[in-house]
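A.B. asks: Line order of the protein sequences matches chains H and C.
Going left to right, the first sequence walks through residues 1 to 321 as the UniProt record's numbering numbers them.
Going left to right, the second sequence walks through residues 1 to 244 as the UniProt record's numbering numbers them.
Accuracy of the hints is not assured; some may be wrong.
[What the hints assert, rightly or not] Here are the simulated lysine to aspartate or glutamate pairs, EDC-like style, with alpha carbons at most 20 Å apart:
(1) C:Lys96 to C:Glu128
(2) C:Lys108 to H:Asp273
(3) C:Lys16 to H:Glu302
(4) C:Lys217 to H:Glu248
(5) C:Lys108 to C:Asp90
(6) C:Lys207 to C:Asp196
(7) H:Lys100 to H:Glu82
(8) C:Lys108 to H:Glu268
(9) H:Lys224 to C:Glu210
[Claimed, not checked] Not everything, but these chain H residues come out facing chain C in the computed CB check (under 10 Å):
(10) Thr26
(11) Thr210
(12) Ile223
(13) Leu237
(14) Cys247
(15) Leu251
(16) Leu259
(17) Gln271
[As the list claims (entries may be wrong)] Sample of chain C residues at the chain H side, in silico, Cβ under 8 Å:
(18) Asp12
(19) Leu103
(20) Ala104
(21) Val109
(22) Pro111
(23) Ser122
(24) Phe156
(25) Met170
Keep in mind that the hints were calculated from the coordinates and are not lab data.
Virtual Cβ for every residue (Gly too), placed ideally from N, Cα, C.
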Amino acid sequence: MASSSSSGLTFKLHPLVILNISDHYTRVKSQSQLPLLSSAHASNGDDSAPASSVLASAPPRVFGCVIGVQRGRTVEIFNSFELLYDPSTHSLDRTFLEKKQELYKKVFPNFYILGWYSTGSDAHESDMHIHKALMDINESPVYVLLNPSINHAQKDLPVTIYESELHVIDGIPQLIFVQASYTIETVEAERISVDHVAHLKPSDGGSAATQLAAHLTGIHSAIKMLNSRIRVLHQHLLGMQKGDIPCENSLLRQVSSLLRRLPAIESEKFQDDFLMEYSDTLLVTYLAMLTNCSSTTNELVEKFNTAYDRHSRRGGRTAFI
Amino acid sequence: MDIEQKQAEHIDYFVKQASNQKGPALASVITEATSHPSLFAFSEILSVPTVLELQGTEHSVYLELLRLFAHGTWSEYKSVADRLPHLLPDQVLKLKQLTVLTLAETNKVLPYEGLMQELDVSNVRELEDFLINECMYVGIVRGKLDQLRRCFEVQFAAGRDLRPGQLGNMIQTLSNWLVTSDDLLVSIQEKIKWADTMSELDKKHGKEVEEKVEEVKKSLKKLKTVSRPTLTSEGTRRSTLKVE
Chain H
1 MASSSSSGLT
11 FKLHPLVILN
21 ISDHYTRVKS
31 QSQLPLLSSA
41 HASNGDDSAP
51 ASSVLASAPP
61 RVFGCVIGVQ
71 RGRTVEIFNS
81 FELLYDPSTH
91 SLDRTFLEKK
101 QELYKKVFPN
111 FYILGWYSTG
121 SDAHESDMHI
131 HKALMDINES
141 PVYVLLNPSI
151 NHAQKDLPVT
161 IYESELHVID
171 GIPQLIFVQA
181 SYTIETVEAE
191 RISVDHVAHL
201 KPSDGGSAAT
211 QLAAHLTGIH
221 SAIKMLNSRI
231 RVLHQHLLGM
241 QKGDIPCENS
251 LLRQVSSLLR
261 RLPAIESEKF
271 QDDFLMEYSD
281 TLLVTYLAML
291 TNCSSTTNEL
301 VEKFNTAYDR
311 HSRRGGRTAF
321 I
Chain C
1 MDIEQKQAEH
11 IDYFVKQASN
21 QKGPALASVI
31 TEATSHPSLF
41 AFSEILSVPT
51 VLELQGTEHS
61 VYLELLRLFA
71 HGTWSEYKSV
81 ADRLPHLLPD
91 QVLKLKQLTV
101 LTLAETNKVL
111 PYEGLMQELD
121 VSNVRELEDF
131 LINECMYVGI
141 VRGKLDQLRR
151 CFEVQFAAGR
161 DLRPGQLGNM
171 IQTLSNWLVT
181 SDDLLVSIQE
191 KIKWADTMSE
201 LDKKHGKEVE
211 EKVEEVKKSL
221 KKLKTVSRPT
231 LTSEGTRRST
241 LKVE
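Whenever a hint applies, use it, and build me the whole structure from the sequences.
C.D. replies: See the structure below:
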């Protein structure tokens, strides 16, 4: 059903929407499993179904509405909310939708209903009914589809955005879904929370070694990316020198200005400050260790005194092994 | 990088003008280009064939002028000033700006004395005004002015046109950078492994100590059952045997 869209609209998706959809799916999935399984199994909703075959045959599909702003040719999807799906009529609960819409309008007067979302691996035929039902609210709604199965080989987000277009198939003009490309757009608050989730550290402040390892791993991956970018530049310049690639002066100028910033931190002031901070840290660690040792020694001495107290009447103890 | 974007359209404009005209008209194009306030890159214009044709003609001075603007400094101009046409004040300003860029190429910290000498400026106030208004606000240079140490720390300087030999240097610098970052990656990985192994060792050590403590506790309990009179060698031998 999907080919690439030709409407020329640019879509911008906020991470909040993706989180909402996945949260909705996770909740529904874990709630549907709990009554079926005997043990309280708080399953992570994005995993594949556990081995017990009591579960429903397919993971449940969730539905909802996406809202946002459309400015000219740019469609920006900010937020989403859930909707009830009526399996008998294959349509979404209309009154609920309108009530929710009114409530959201009061809080966000700028946001309009831009479309709807669902989960699954591919768009279904029945989705067209829902799509057409929404067409009276918005003449060209968008359909956001989240694929909840985890595919480790896939590098992109499993989110696709479909638009509807009128195509002539077998002489009949029909609405079909066509895929549209989108970009992720973040507000500062969203960026902070996504960053936080991405850098999950051992939350109990684990052992110092695991925190150190996590921190170093982060630095390692950052430097690896820098390394690959420098490599690309290097190859490009080599090509220019050999003559394979035509010399592009503007690029060369930018590279030369970049390279002139190296070495980035070599002034004397930096060395002084750095060494001072380094020795400060070492001193403090040493001091802490000394304090620790002296307190341990103190405890040992107290225990020793209690055990080998000469004036005690308990005497004659066997030697410590 | 925004300098490049700002310049891009000017460069296109002048290249088009230069390729449409020939000979004496080019002189005026070159003068216009070198006095334009936002244009700092001249190698594109230099490579236009009609400009290169100027070599050897009576207007070759303009080609030399353009080359000076692309690669040279104010002091270089002063040494050959009699050969080249007289510069408009705009061109003088631009050449001085380009001089600052060249100086920033070699050092990151530029002392005021050197700057004042290169730019023919006599007092610090004028120098700072020049740096602030003409260089930083235009955006070709970013840095900090340190009046106490009388120096100018450059954090970013826009690139000038490249001389043919500089490409090799740049590639060398890039490969050095690559090697350094590769080494850094390797050493970070080693550190991570070290941290992991140390934590393993620590845990093992902790476990061993705890096991020993448990053993001692057990042996103490067993020894308590051995009553005091049996503190003969027999008794202790028996009790030690029980521990093992």
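A.B. asks: Hints broken by the structure, by number, lowest first?
C.D. replies: The structure breaks hints 3, 4, 5, 9, 10, 17, 18, 19, 22 and 23; every other hint is satisfied.
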